[in-house]
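Enquirer: Take a look at the letters that make up each chain.
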Amino acid sequence: KQEVTQIPAALSVPEGENLVLNCSFTDSAIYNLQWFRQDPGKGLTSLLLIQSSQREQTSGRLNASLDKSSGRSTLYIAASQPGDSATYLCAVYTGANSKLTFGKGITLSVRP
Amino acid sequence: NAGVTQTPKFRILKIGQSMTLQCTQDMNHNYMYWYRQDPGMGLKLIYYSVGAGITDKGEVPNGYNVSRSTTEDFPLRLELAAPSQTSVYFCASRFDDGTNTEAFFGQGTRLTVV
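Chains as they are written, first to last, in my numbering: chain C, 1 to 112; chain Y, 1 to 114.
Misleading hints may appear alongside valid ones.
As the list claims (entries may be wrong) - Distance condition first, Cα-Cα at most 27 Å in a straight line; then the derived DSSO-like pairs of lysine-lysine:
| no. | chain 1 | residue 1 | chain 2 | residue 2 |
| --- | --- | --- | --- | --- |
| 1 | C | Lys42 | Y | Lys44 |
| 2 | C | Lys1 | Y | Lys57 |
| 3 | C | Lys68 | Y | Lys44 |
| 4 | Y | Lys44 | C | Lys104 |
I should point out that these hints are in silico values taken from the structure, not numbers from a laboratory.
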């Protein structure tokens, strides 16, 4: 059974800091990995999708990398801003019909 | 662009009542999913569908039923609501032609069973 772990559960950083959010998964036979953002009381917004053949994806200040062999992904946020405060969730596509398995998320707080 | 639309946004049910959570997508996606999100527990898959007429159980299907009569709609039925079903429910969809495209989520339905 696929398990996805995101540690730490919460992170607080000062504005302007570059930061890395980690995601690990137990079964390396994944199809894709997707990072989401969730604001309090809201739905999930897709940030980046990395296909299994790719090593990384970039969107603005966000860069996500994938290392299937080690079962790890990182989300790099450059020059963090208070507006980046949210919960960041990692999900992997595995198994028949590519079901998504989620980590519990990292709640990020960026202090002004 | 509506995307994935869930109704209602909020609902309070009494123990033993039934209700249907609605989910509609306008992107012609073949795959649809229902998840529940509990505090500190992440998202758990309840049911999913790979196309009209085809549904299958996820990780936590007990107490729920689904149907997929059209590509657009994937309602989730709660029979005999229990306090353990208090949660936030999310519907998601994606198009799969073998390339595993990204999933899109609705805004969620917050359900309280009292």
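Enquirer: Take the hints in turn and mark each one as holding or not.
Expert: Here is what the structure says about each hint:
no. : hint                 : result
1   : C/Lys42 <-> Y/Lys44  : holds, 17 Å
2   : C/Lys1 <-> Y/Lys57   : holds, 15 Å
3   : C/Lys68 <-> Y/Lys44  : holds, 23 Å
4   : Y/Lys44 <-> C/Lys104 : holds, 10 Å
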